[in-house]
Amino acid sequence: MKAMRWLDAVSHLGPQVETFIDSLLAQPHRSVLYVAGAGFDPRASHLALCVAEKGKNRRAILIRENRPDPAQTLLDRAETNEKRLCEAFPEHEVVHIDVFDEDHAVVGGQKAVAEIRRRIQENNYLDQVTDVIVDMSAMSIGISFPIVGLLYHLLDKPGSPNLHVVAATGGPEVETAIVAEYAENYQNPWGFKGERSAGDSPVRLWIPQLANPKRKAFAILFEELSPTETCPVFPFPACDPRGVENLLDQFREELSDAWRVDPRQMLYAAQDDPMDLYRTLSRIHCSRAEVYDLAKQSAETVLSPIGSKALAIGALLAALEHQLPVAYVEARRFEAPQTGFTETVDGGRFVHVWVLGEVYARLTNERPESCPTSTV
Amino acid sequence: MPNPFQQRASEFRRNEAEFLATLAPSLFRMTLDHFDDPQELLTKTVTFTAPPGSGKTTLSRFFQYATLKRLLEQVQRTSDETYEELRDLAIERGFVQDDRLIVCGARISFERDYRELSLIGYTPQRSHELMLSLVGARAVLAWRQAFIDAGIDCSQVRVIPTPLGEARLEHLGGTEFSDIVERATDVERIIYRLTASFIPPSEDELLQQLGGQFYPLLAIDGFAIPGQEEPVRPLLMIDDAHWADRDQHHALMTHLTLREVTIARWVLQRMEALAPNDMLIWGQSGATPVIDGIQRQRTVVDIRMTQASEDMRSGVRRKFRRAAAEIAARYMAHIPDLSRNGITSLAGLEVRPVATAKQIELAQRLPEVAAQNLGIPPVQVEQIRQRVYDFIGKQTDYNVETVAPAMVSILLHRQFKHTPQHSLFDAHKDESLAEEVVVEAGPEVAAGAQVHLWHKFAVPYLGGLDVVADLGMENVETFLQLAWQLVRLLETQEVIRGDRSTSLTVKQQHDALMKEGKRIMQEWSFPHAVSVRKLVNGMVDLCVKRSLEPNAPLGGGANAIGIEQTKFAQILDHPKLAEALRFGIAYNAFTLTPGRKAKGKLWTLLELGGPVIAACGLTTRRGGFVTTTLEALSDMISGATA
Amino acid sequence: MHEQTALRMLNQVMGWSLERSQEEFQWLRLISAVKYDSYRDFLAGMRFLESLVGWLLQFDPSDREVAYDFVRRRLTFISAVERERLVDNMYPRIVLPRILQDVADDHHIAPWQVYTSDKARHDLEVARRRTLFLGLSDGARLDSFRHANVGRISNEQVVVGTQLDQEKWGDLIKDLKKDLGKLDSTKPSTFDTIYLVDDFAGSGTSFLRTETSDQGKTEWKGKLLRFLRSLNSAGPERVHSDDWKLVVHHLIMTHKAVEHLEKAIAQVRGDLKDEYPWFAKFEVTCSYLFPTEFPLDAKTEAEFHRLTKKYYDPGIETDATKKGGVDHLGMGYAACALPLVLDHNTPNNTVALLWAESTAKKRKGHHMRPLFRRRQRHS
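Chains as they are written, first to last, in numbering that gives the first Met the number 0: chain A, 0 to 375; chain B, 0 to 641; chain C, 0 to 378.
Hints were generated in silico from the structure; no laboratory data involved. Warning: the hint list may mix true and false statements.
Unchecked claim - Which chain A residues face chain B? A few, computed with CB under 7 Å, are given here: (1) D102; (2) A104; (3) K192; (4) S196.
Note that CB positions come from ideal geometry on N, CA and C, so glycine has one too.
Whole structure, please, built from the sequences with the hints as guidance.
As C-alpha cells, then:
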C-alpha cells in the first residue's frame, strides 16, 4: 500500500478551528487571501468573521453564484451576507459568477477558474500573501471544487503561499435550502473529470455520499453513470445515532433494487471529519488501481460528494491526489426550507484542513509516491 | 440480471444478450415503418427527435454492430420468435443481407466534453474545429470498439476512402485502420484533457500538439473486414445531440451534410435541440420545417419519434398497447421471484372494479336526486334508464351497480339541457309537454360516469393492463414506471399469499397508480419544473371542473387544454410560458398535439401526461379538452389567477 | 426459515394491508441484510425475521404495532463495521491530538507548529512511543487498532487484557527501552500515558463503582482497580513515569457514564490515596457519545414504556443487576433506558424487552421472549 499524501495532515475540527486560526494569525507576518462564497447560506460568514478579527493583513475574493430566477428571500439573505463580508474585509472584490448560461448549460465552474486564474496570473493577487484560505461554507461544489483545484495546481511548488480549506459544515438540517430545480444531467466540476476519458464501458465504481433531500440528484447520477458497482457512504459516527437507519429508510428503493448494493459494499465515514473519508477513499482507490492495472482493464472510481460539506472536503482531497472524477447534479433553483433557515451556526461543526505549505515542507523530499492513476 | 423495470433498457451497456432479451420490435416499427426505402435512412443525414424515455437510445443501441451480430447468433441458436422478428426488421432496414451484417453501426454520445470546448476561450472557429475533431476521433474509436465487441481483429481491417477522400485519408493515417485508430487515440486524449484543464495551452501550442484537423468522416467510405467480401458500410450514431449549443449544433449538422460524407449518419436528440418555434409551432405532419437554414429535404430526414398525426393516433395507441404487453411480459420473465411462480404477465390484472355497499347505496341515489332537481318526467327517466341498461348489459368491464345509475344521472342532465326551459311545475304536471328523449347511452358516457364516481365516492376505475399502457402515452419509460408499481404489489402479494395469483383489484391498482403519479409529479425537478407544476395544476383544475359537470359534456371528460392554433403561433410572445412548455413537453408532463379539428376550428392541444391523469383522476380516453388562451396559461405560471 | 415464510408469518402476526406489507418487507429485508442478521447470537435458519415474529407473538395483538414501531423507529444497532470505524478513528481523533497538545505545551507553541520544528517532531515520536494501550475486553478491538496503525504504533504498545504479570510488564519495558534507544531519546523507559480501552459504557459502573456489602461496608470495585493492582505489582522497576496520565477511553458511551466516571475516578483517587500508584492526571474520552435524548423517555414515549411494565418477568433480575440501583429491569440496568443493541451482544442497560429471556425455573411473571438475546458475560 502506497502512502497517502494527507495521511497525517494538519487538520482541526470543531472549536479547535477557531483556536487554530487564532494561533496562525497571531504571527504578525501572516497575510491572508480569503476566498469565500457570499450566498444565502447561513454559514456564509462565520469563519470569515473569525479570520477578519484576527488577521491584520487580509483581502478577500467573494463569490456570488447567480442562478436563474432566484427567490427574493434568498437574494435578500445573500445581499446581507455579502455586506457583512465586505465590511469584515475592507480590501475585497465581489465576483459574480453565472452558474448557467442561457442555454441551460452549466458554466459556473469554468468561469470561476478563469476569474481566479486571471487575478492571480495577471493581477498579482498573491503578492505578499502567506496563506490562501478557501472557505467552502457557502459555495456550491461546482464552484468550490474547481477553485481549490486551480489553487492546488498553482501553489504546489516550494515558496508558494500556504493553502487551507475551511468550512462551517452544520448538518443536513442546515445543509440545503431545498433544490426546486436541478440541471438535467450530471456534471463534473471543472477539472474533475478523471485522467482519461473513460470510454464506453469501463468498470466503474460509484461512491455516492448519501443525503436525504437529494434523492432526485442521485437518480440522475445513477442513470447516467450506470456504474458497475455502487458503494454508498453513510455518515458514522454522526450526530444522530440512527443516522444510518434514516438514510437506509429514505433510500430503501435505491438500495434494495435499483443500485443493487451489497451490504458489504457500504462505506462509513465520520460525519464531521474530512480526513476519515479521505483515508478510506484513498485506500479503496489504490487497491483497485493496482489490481486493474495488472489486469489491463480500464477502471474508474467516481465520487459524488453531495452530502455533508466535511465529507465533501474529504472527497475533494482524494480526487485531487488520485485524479478521480467527481460527479454531481447542479442546482438550478433553490427555495428556502419550509421551516425557515436555522440561524445558529454550530461551532462544534467547523473543519479545517491545511492542504499545502510549510507544515509539509519537511515532507516534500520524502513525499510518498501516489498510487497508479492511469490504467490501460 | 438487474431488475429491468428499474434500469433503463437503453443503459445495458455490458451485455447484448440481456439487452436483446428485453426488446419489443413493435416499438421500432412505430418509428421506422413509414420509411419504405431503407437506403434513404442510410444515405441521408437522419435526425431522430424525441422526448426522454421514448426509445431513442434503445434504438441506437439496437443498431450497433455488436448487438446485431449477437442477434444473428441468437437467431441461429434459439427459436425465439421475437429474435426472428428483430432480425427481419434489421433486414428490412438494410443492415443485414444474406445473413451477413453489412452496416457497422457505432454510437457516440454528445453529452459530455463537447460543450466545454466552447468555454475554454479559444475562437469560435477553433472551438468548432476541436469539436468536430473530437467527434471524428471518437467515431473512429467507437468503430474500433464495435469491431472488438464483435470479435473482429482490427489489425486486419482496411479503410476504403471516399471518392474525394484519398488524400485526406493519407493525412489521417492511411488505409490501415489501426493506424488511424492510433492517431484518433492521440487526438482524443489531447482534446479531452483540454476540457478539464485548469491552465489550458495557448492555441499555438495546441495546434502543434494536434497536428491539424482530424476529420475522418470526410474520408471514410467503408471498411473491408476479414472474412467478408463486400465492405461494411459505416453508420455513425451521434446520440444526445441536444447538449450541443446552437452554434455547435449548426456546425455539426453542416459537417455531416457535406457532400464528401458518404457514411450513414444518424443524429439522435431530445426535443430541446429544436428551436422553440420549431418544436412548438409544428404544422401538420409531413411538413418539414427549415432548421438552422440548412436545406433539409434533400439531404436530411427529420423524424419525430412520438408526434404521430391525428389520423394515426388510434392506430398508434393500439400498437403501443401491444408493445407494452410484450415488454412487461419479457421483463417479468426476468424477475426470479415472479417467474418462478408463474407470474409472467400483467394480463391478469382486474378490469372490473368492485364497489363497497356504501358506495353502491350512494350511487343509486343519484338518478332520483337528478330527476327531482331537474323536474324530468318519470316517463323520460324510465326511458333513459332503459337505454343505459341496454348498453351496459352488453359490457363486462364496468361495475354496473354504480356506473349505471351515474350514467342515468348524467343523461338526465343532458336531457335537461336539450329541453326548452319550462318551469319546473309545468313539466311535472303535464306529461304531454315532455320532449322526446334525445340522449343515448354509450362508452363515453360510461367513462364520464366513472370519473364522477371517483371524485364523488372514491369508486376506483383505473385498472387493467390496457389502462396502464394508455397511461404510458406511448412512452416506454412512463409505462414501465407505472407498471413497476403493480409488479411490486404482485411480488408482495405472492409472498403473503403464496397462491400464484396474477391479479390485483382495481382499487389496489388505482391507488398504486395514483400514488406513483403523485410521486412523479412531486419529484419533477428539471429546469422550469416549478413553472411546469403550476401550469399542470392550473390545467388539472380546468379539466376536473369540466369533467365533473353534471352532464359530462365531453363524455369521459377533459384531460387536455386547447388553444386556437392561430393564436398559439404567438407563443414566443410569452417567453416564460414557452420555456415551461418546452421542458414540460421534454419531460412528458404533457404532450403537444397540433392540428386538432373541433367546433369548426383548428386547435393546438396540450394533453396531460399519464402520471398526471392517474394522480388527479381524469379520463384516459383521448380527445376531451378545455379551451383557454395563452394569457390564461401565462397567468397560471405567474400566479396571477387566484 | 425461508425469508418468504418469515415475512408471510409476520404479515399474519401484524395484520398488515398489502401496501403496508410492501413497505415494511422492503425495509426489513434491507435492515436485516445490512445490520440485524449479523447479530452474533443468530444462526443460519434463525435470524432476525424469525426472531421478530417470535418476539411480536408475545404481545397482545393490540400492542403489537407499538412494539413493532419501537423496533422500526427507535432501535439503534451498532454493527461490527461501525465499531471498526470507531477503532480506525481512535488514533487520529483521540490519541494524536493529545500527544500534539502535550508536546506543543512543552515547547510553548501551537500544536500545528510541532510539524515545523525538528525537535518537536522528535518529541512527538518519543511521546507516542511512551504511550501504552490496554484493552479491557475483546470488544475494544485493539487488534484492529494495532492493524490500522502499523508503522505508527508498535505491537509492543498494545495489549489486550489489563492484568499483566510481571514477565509481561518486563517485556514491554524492555522493548520500550530498545525503541527509545533507536530514537536516540534520553527519556526514561517508562510509560507516560496509559490508555484503558473498552467498547461500551452505559452507566460506567463496570469500570468503577462502589458496592455496599451486607455488613454495611462500602468498597470500590471495577476494572480500574484490577488494573491498578496489576500496575502495582508490575515489577522491581517502575513501569510508569512519575506524573503519568490515565486516559479512560470507550468506543461508545452515554452521558450518564461520562459523568459517573469523571466523578468516581476523582473520588476513588482521594479515597484510596495511598493504596495504588495513582496517575497525576486523567481524562475520560470516547469515540462516540450518545446524545442526551438517546435513552427512552417514560413520558414522551409512554406507549412503549407501558409495554415495558406490562410484559415483564421479575425472574430476570439477579443480584448483579440490582447493583445498578434499580431493581425493575424494564427500563434496563440502572434504568439507563437505552434502545441499544451491539452486534456482539445487547448490553443490559438496554430496555429488557429487547434482550431478556424468561427461564422456566425462575419465571415469576410474563414469559419474556427476546428479540436480540443477551448472552451473559462474566464480568
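Consistency of the hints with the structure:
1. The closest approach between the C-beta of D102/A and any C-beta of chain B is roughly 5 Å, which is under the 7 Å cut-off, so the hint is satisfied.
2. For A104/A, the interface hint holds, the least distance from its beta-carbon to any beta-carbon of chain B being 5 Å, beneath 7 Å.
3. Interface hint status for K192/A: upheld, as the beta-carbon distance to the closest one in chain B is roughly 4 Å, under 7 Å.
4. For S196/A, the interface hint holds, since its Cβ comes within 7 Å of a Cβ in chain B; the closest pair sits about 4 Å apart.
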